[in-house]
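Chemist: Sequence:
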Amino acid sequence: MPQMAGVVQDLALRGMAETPVFITVDPKRDTVASLGLALQVYGPIFVGLTGNDAALQVVHRAWQFPVFAGCGRQVFDCDPTHTFR
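Every position in the sequence shown, counted from 1, becomes a number in my numbering once 8 is added.
Honestly, the hints are just simulated from the structure, not real lab data.
Mixed in with the good hints there might be a few duds.
As the list claims (entries may be wrong) - Listed below are the simulated SDA-like cross-link pairs for lysine to any residue, each with C-alpha atoms no more than 20 Å apart in a straight line:
| # | residue 1 | residue 2 |
| --- | --- | --- |
| 1 | K36 | A13 |
| 2 | K36 | M12 |
| 3 | K36 | P74 |
| 4 | K36 | Q17 |
| 5 | K36 | I53 |
| 6 | K36 | G14 |
| 7 | K36 | P10 |
| 8 | K36 | D61 |
| 9 | K36 | V16 |
| 10 | K36 | L19 |
| 11 | K36 | Q11 |
| 12 | K36 | L21 |
| 13 | K36 | G51 |
| 14 | K36 | L57 |
| 15 | K36 | G56 |
| 16 | K36 | P52 |
| 17 | K36 | A62 |
| 18 | K36 | E26 |
| 19 | K36 | L64 |
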């Protein structure tokens, strides 16, 4: 995420406004509140998307966003594998 924030800043300096969209791969952990707190660190331009599993599957398929979650029971015991687009 810090790298993406840097890219967005660099593009803005070149006159190209981009809006990064963070799509959760773990909706049980990534609530509206937790995403809001996490993304505000990077600035107001970041958009977070969460929801129920069925809704997110539609988004993941539509955006061709493969997800392979590997999370344990603890909040910080999580290593989701996914891609950037």
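Chemist: Sort out which numbered hints this structure fails and list those numbers smallest first.
Modeler: Structure breaks hints 1, 2, 4, 5, 6, 7, 9, 10, 11, 12, 13, 16 and 18.
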